[in-house]
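**Q** If you're matching them up, the sequences are chains A, B and C in order. Heads up: the first sequence at position 160 corresponds to 297 in my numbering, and the numbers run straight through without jumps. Heads up: the second sequence at position 131 corresponds to 268 in my numbering, and the numbers run straight through without jumps. Heads up: the third sequence at position 254 corresponds to 391 in my numbering, and the numbers run straight through without jumps.
Keep in mind that the hints were calculated from the coordinates and are not lab data. Among the hints, a few may not be true.
As the list makes no split between identical chains, a pair holds if one copy fits it or if it spans any two.
In silico DMTMM-like links for lysine to aspartate or glutamate, alpha-carbon gap of 25 angstroms or less [claimed, not checked]:
#	residue 1	residue 2
1	Lys307	Glu213
2	Lys155	Glu279
3	Lys276	Glu393
4	Lys299	Glu286
5	Lys155	Glu252
6	Lys155	Asp324
7	Lys299	Asp324
8	Lys316	Glu153
9	Lys307	Glu192
10	Lys316	Glu141
11	Lys155	Glu393
12	Lys285	Glu153
13	Lys276	Glu224
14	Lys276	Glu192
15	Lys307	Asp209
16	Lys299	Asp394
17	Lys316	Glu371
18	Lys285	Glu188
19	Lys276	Glu153
20	Lys155	Asp350
21	Lys307	Glu153
22	Lys285	Glu396
23	Lys307	Glu252
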Amino acid sequence: MSIEERIAQDLIRIRETKPLIHHITNYVVMNDTANVTLHIGALPVMAHAREEVEEMTSAAGALVLNIGTLTDYWIESMVLAGRKANELGIPVVLDPVGAGATNLRTSSAMRILNEVRVTVIRGNQGEIGALSGISGYVKGVESTGALKEPLQIAEMLSRRIKATVAITGKRDIITNSMKSLGVDNGDPLLRTITGTGCMATTMIAAFCAVEEDPVIAAAGGLACFGIAAEMAAEVARGPATFKTALFDFIYSLTPEDVERRARIVEL
Amino acid sequence: MSIEERIAQDLIRIRETKPLIHHITNYVVMNDTANVTLHIGALPVMAHAREEVEEMTSAAGALVLNIGTLTDYWIESMVLAGRKANELGIPVVLDPVGAGATNLRTSSAMRILNEVRVTVIRGNQGEIGALSGISGYVKGVESTGALKEPLQIAEMLSRRIKATVAITGKRDIITNSMKSLGVDNGDPLLRTITGTGCMATTMIAAFCAVEEDPVIAAAGGLACFGIAAEMAAEVARGPATFKTALFDFIYSLTPEDVERRARIVEL
Amino acid sequence: MSIEERIAQDLIRIRETKPLIHHITNYVVMNDTANVTLHIGALPVMAHAREEVEEMTSAAGALVLNIGTLTDYWIESMVLAGRKANELGIPVVLDPVGAGATNLRTSSAMRILNEVRVTVIRGNQGEIGALSGISGYVKGVESTGALKEPLQIAEMLSRRIKATVAITGKRDIITNSMKSLGVDNGDPLLRTITGTGCMATTMIAAFCAVEEDPVIAAAGGLACFGIAAEMAAEVARGPATFKTALFDFIYSLTPEDVERRARIVEL
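Full structure from sequences and hints, please.
**A** Printed below as a string of structure tokens:
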């Protein structure tokens, strides 16, 4: 079975099993990522109270930790939920939003990586660079430049944190340090709306809930997201009509679309 | 005057009097429920600080308490606002999001019901079941199965908490234990976007601000919401275009639409 | 160079320099204002943790303080960020959402004005009235009446707080007490969606990041926002399609659109 066929099967499994995706995420994207979760076929829940995060995670197929509007309270909840997920073998996907932009963001992402076994970490070049000790590529929560050797940096970070690393950009790079994939789907309009990185993370989490190989899961989530973006770009009249169409196409994406349009390469 | 005519009159009254609907609600839906409030003709305000909730509620035509992303701080604010509403005779609508999914959610909903006289409680079958002592129908914040005797359960809960109970689903069920209505408006696309339960709760609150019979108010809010959903489904190309059209049609809904399209039955 | 030409140049500068706009704002509009920031050509970041706000502000071209869903924690963060912005000469734009509706909101806005040098304050008539000691024009976060002499009130407040004051409404009024402008762009549909005041504030902040005269910056932000609203109204079928089109047109707005369509008058 090719990677594309396997991803198409994973998409079917998400829709059949409707895994719960527990998000502890930022205020900016909660509505969008809940919708993306529903549209790809899974069920979203947002819960961050310390008293309930472990119980909620226990019912989940995957856990998303996203530090976009962090405070200490939220990071504490992320660690509690992440440890419970580890205990129960539930995949954890980390989005280190703005790592490199402030010490709090970098150190909070580091703390989560130290205290929780993360399955996949997804960030832009600036964020992954910052967590790899390479600074200067972040402006707020945006990446401002291109890392010189993104694959090597991703592999290095992957070895250090024992997780799959996904760097999203024009070509998405995914590696577990042994096996590496590139995903070439997507559209420049993704950069014109807020939260597309967070949405991509949610897509990866939905795939992690049904796919045991995190490299395939990350490629699946990113390819499906990118394919829907390509379809949406054809009908968009600007960023907001693009976003509306992106959500519609995530919902209507078929396994055949995935097999035909996924552009995944081994690196 | 038929129920449909009365609801049509209530819609006119909302638009004429523009009642303030004070929401203490979850992060995921704040933007959507504020927009729904405006579109139906009322004015939204979101305020949760303990120092201001009583003052804000005092100016409101109805109060929405929604526990979708609760913490103790927020529940405390809900109780403060709810008691002030009770003192002033302002209707209170409770949305027990995710009751049954975690102990915190179930016990927080119970606490509010114990400390505040609620006018209407609206939930899905899983949530209302959980508050009635019937567990096992909740996955995150979604209902996962059908209660066997939803009307009897709603009536029983209504008697216990002395409030109107609304269970939304394919047929919405509304009861004050003496009088019961079913609302058959709606569309399956409502399940493809996040927050439609919360939006329905907001619609009920807008009607409660102008209609003294909570059963009629709940039927009015749910019928109008369902009619707009039916209109939206005709033009939607997927969940996001459906949501956009839903909001447009809530805004343009006329009393004539309500009289002609409401499908309300006595149970 | 006319005011319109200067604003058109400012728009070009926003898109060339992509200033970071640090928002400490309310939950309801975070997603919308982040998108508006991107669409006009700047970069948004939302960060409110006390441990990081000063560091984040230091990287910003402008700081937005918006009290729409305030608590003491958030106000404290706003003061910290605001003082850092003052220290570094970074413009600060204040949106006193709901001032006049509760004592907490009025006193929090006052506290910020006392402890931070604000560059521009933008509010509706009710909010600016309340901060000028004229009460009774606020219902929740909406203005409910017309101030009798808005320009004089704005001038008086401007002198007192040594900031540019912008009152938005059918005619937007902007003054630094020496020079006053009116902006007549806009559309009534802006009142049918939530957060348009907050979006206008964000637009002003983007212009403040590139334009040293705050009166021109406020006129630029409000004219561009109003022009996009006029374009959107032509294609809207209701509030939600209006909002989608508004965002698309903010993105596609050209310097030529600004020069041709801005309706700015000296008062």
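**Q** All hints, please: hold or fail.
**A** Structure-based check of all given hints:
{"no.": "1", "hint": "Lys307 <-> Glu213", "result": "neither (33 angstroms within a copy, 39 angstroms between copies)"}
{"no.": "2", "hint": "Lys155 <-> Glu279", "result": "between (32 angstroms within a copy, 11 angstroms between copies)"}
{"no.": "3", "hint": "Lys276 <-> Glu393", "result": "neither (38 angstroms within a copy, 29 angstroms between copies)"}
{"no.": "4", "hint": "Lys299 <-> Glu286", "result": "within (20 angstroms within a copy, 51 angstroms between copies)"}
{"no.": "5", "hint": "Lys155 <-> Glu252", "result": "neither (29 angstroms within a copy, 36 angstroms between copies)"}
{"no.": "6", "hint": "Lys155 <-> Asp324", "result": "between (28 angstroms within a copy, 20 angstroms between copies)"}
{"no.": "7", "hint": "Lys299 <-> Asp324", "result": "neither (30 angstroms within a copy, 46 angstroms between copies)"}
{"no.": "8", "hint": "Lys316 <-> Glu153", "result": "neither (29 angstroms within a copy, 39 angstroms between copies)"}
{"no.": "9", "hint": "Lys307 <-> Glu192", "result": "neither (38 angstroms within a copy, 29 angstroms between copies)"}
{"no.": "10", "hint": "Lys316 <-> Glu141", "result": "within (16 angstroms within a copy, 56 angstroms between copies)"}
{"no.": "11", "hint": "Lys155 <-> Glu393", "result": "within (20 angstroms within a copy, 40 angstroms between copies)"}
{"no.": "12", "hint": "Lys285 <-> Glu153", "result": "between (41 angstroms within a copy, 24 angstroms between copies)"}
{"no.": "13", "hint": "Lys276 <-> Glu224", "result": "between (36 angstroms within a copy, 20 angstroms between copies)"}
{"no.": "14", "hint": "Lys276 <-> Glu192", "result": "between (36 angstroms within a copy, 12 angstroms between copies)"}
{"no.": "15", "hint": "Lys307 <-> Asp209", "result": "neither (33 angstroms within a copy, 42 angstroms between copies)"}
{"no.": "16", "hint": "Lys299 <-> Asp394", "result": "neither (32 angstroms within a copy, 53 angstroms between copies)"}
{"no.": "17", "hint": "Lys316 <-> Glu371", "result": "neither (33 angstroms within a copy, 47 angstroms between copies)"}
{"no.": "18", "hint": "Lys285 <-> Glu188", "result": "neither (44 angstroms within a copy, 31 angstroms between copies)"}
{"no.": "19", "hint": "Lys276 <-> Glu153", "result": "between (40 angstroms within a copy, 15 angstroms between copies)"}
{"no.": "20", "hint": "Lys155 <-> Asp350", "result": "within (19 angstroms within a copy, 39 angstroms between copies)"}
{"no.": "21", "hint": "Lys307 <-> Glu153", "result": "between (31 angstroms within a copy, 21 angstroms between copies)"}
{"no.": "22", "hint": "Lys285 <-> Glu396", "result": "neither (31 angstroms within a copy, 42 angstroms between copies)"}
{"no.": "23", "hint": "Lys307 <-> Glu252", "result": "neither (31 angstroms within a copy, 44 angstroms between copies)"}
Hint violations for this structure: numbers 1, 3, 5, 7, 8, 9, 15, 16, 17, 18, 22, 23, all remaining hints satisfied.
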